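K.L.:
Residues per chain, in single letters:
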Amino acid sequence: MGRFKVLKSLVVDSLDTITKGSIKYHIWMGVLTLVMLIGMYCYSIQLEEGLSVTGMTDRVSWGLYISNFTFLVGVAAAAVMLVMPTYVLKDVDFKQAVLIGEGLAVAALIMCLAFVVADMGGPSVLWHMIPGIGVFNFPNSMLTWDVIVLNGYLFINISIPFYILFRHYQGKEAKKSVYVPGAVLSVFWAVGIHLVTAFLYQGLQARPFWNNALLGPRFLASAFAAGPALIILVLAIIRSFSAFNIPDKTIKKIAMIVTVAAQINLIMLISELFKEFYAPTHHSESAYYLFFGLHGKNALLPWIWTAIPLNVIATIILTFNRFRNNLKVLYVCCFMLFVAIWIEKGFGLIVPGFIPGPYGKIVEYLPTGIEIGVTLGIWALGAFVFTILAKTAIGIELGELRYKKKETIEDRH
Amino acid sequence: MDRRTAFKKLTASLLIGAGAISTSCSTLASDDAKEKAQIDWEEQFKGNYKLMSDEEKQDTINRLMRSYELRTGKTISMTAENPAEDVLFGYAFNISKCQGYMDCVSACVKENNQDRNSEMQYIRIHEMKDGEGFKFDKADDNYYHEVPVEGHFYMGTQCFHCDNPPCVEVCPVQATWKEDDGLVVVDYDWCVGCRYCMAACPYDGRRFNWSKPEVPESEVNKNQHYLGNRMRKKGVMEKCTFCVQRSRKGKNPACVEACPTGARIFGNLLDPNSTIRWVLENKKVFRLKEDLGTDPKFWYFMD
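Just so you know, the sequences run in chain order A and B.
Under the working numbering, read the first sequence as residues 3 to 415, first letter to last.
Under the working numbering, read the second sequence as residues 25 to 327, first letter to last.
Bear in mind the hints are in silico, worked out from the structure with no lab data behind them.
Bear in mind the structure is a predicted one, so any value in this text is a computation, not a measurement.
Take the hints with a grain of salt, since some may be wrong.
What the hints assert, rightly or not - Keeping only pairs whose Cα atoms sit at most 25 Å apart, straight-line, the calculated BS3-like set for lysine-lysine is: (1) B:159 / A:277; (2) B:162 / A:299; (3) B:313 / B:70; (4) B:313 / A:363; (5) A:363 / B:162; (6) A:277 / B:70; (7) A:299 / B:153; (8) A:299 / B:159; (9) B:70 / A:363.
Make the full structure from the sequences, and use the hints.
P.N.:
Rendered as structure tokens:
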């Protein structure tokens, strides 16, 4: 029973923490709430009218939602790059970053699930997907695999930090025997979620642009660049807005991970481009459409030609120690990389898969305002969830939230 | 307790509650409204058609027919015929006969109650230049001029009812499957609208209801099959079923019947005396994208 008392007290305390803060904090949360409300309004229109309010058609049947979903799975998987060194290799430098990384994974996964639900034609019958009461097409459909791995990863990333924080909240050390097996599992699981998501596309013989053995590995490389890049940016923000101590050393180590992953990603990009353009077949038409446009249709050109230079320049700058170790330059590079990979793994991957269509028809896709509204709403939801998680976690780690502390105060009265 | 009984109990208790609320809150709540509410509940929580017993199939088509009557005051006839034994449907298309008149397309739209607003069509007729072979990227599948045009030939595509259909593999909830007579069908009520099957189809055979499909009441084809031309909702997939409501009664699909040139041949592949067998045995036939290993049951040939 004692545990429930502590849990209740933790919930009350964290509610107290997340509702208090500086003016800036309140403005931030207020803006996020507003954007979420706008997103919900847009979604209500979509529920009423159907997916016809989006820019998707029978020719390009997945768009902005699935693009963001794919990218965010990568962000979620990236937490592993911090978890592994900290919990498994016992590299203490990362300890401060890992809780943040796992919080980011939780937020990213919640966004992934929200994007998938937003993309569904019939959200009211989604119970058909619940194993047991629905009919699951396992193991045939990669989508069922994805449902399992994403929810499993969400569970792991909630339970491990929760256990650690719950112990710290009571002023106790977390037991390694409890969380290390979970951390080891999460390392494999993270690779799993991203590989499975890649297989979702890779397994379709109908879409030559995706039906490509490099897709899975490239997903991993780009994820391990974009995810930790986002973690660096978040850590930088947390450093300047809270007393949470994150040493330069930690950030520089994560920067190393970003750099290596970005380099591998670039090599794979070159390999992909070589295959598509050195000896082009009709399977290369999607790549042609993406990079050069096809038959006068070129909606994606500005996107991809923003992404490629950002990607290349950021990777080159990061490669040099002198630049990488300059935090200001590092932050700019991380931002560039994040944007570049968001475009490449989002729009640049999903949309050309449908263009040209199975019979060569080229119909372009442009998201509508409603689609963009829902998307922004879901991103705001992610930021909101992350802020709440991070604020509570930081409070506990800094010792501001303590179960005993409260009791002793009560004792004095 | 299995899923079915669990749902039945859950539904029953919810119904009592919902019924009590609707009668107490509204003096206008008629028996019809209550019945409609009950039908909607049971429809919302029914199982996958593929796994239903014949009795359950009958129950759901009875509910759907009654629901249509309650909504529109008109009656429809809906069946749930299962595949006949020793039947495997196949289709052949004569590219030297097709003149691009598109009668098949309009017959299909009418027969299968497709959405008139989005002008959904299962069949696409591609107009191609003679002597260039199948250049789909240069073909026109959306023409409005007089046909046939000199120096062109026409070919139709639709769902090919593959023997190894990629769309069935990828569906996360088994809302689409291959029936014993080879028809690839969709349970419109079980589909969650993820459109994964659409991405997996190499033949552009699937259509999605991006908004609520609408057919003027006077144009509704009232001879329906659960897996075929019954009314669809928004947010679900649909596709050509070789007119399951006709083919399982021994008739030709609407497109075959409507074709003025006789370019379309349909029949039972297991019947050695069928025309389709004669075509396959005596003509030079080929299929599209055979390298993908989907084994379409749809052949092209020429005279």
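K.L.:
Looking back at the numbered hints, which does the structure fail to meet, lowest number first?
P.N.:
As far as the earlier hints go, 3, 6 and 9 are violated by this structure, in ascending order.
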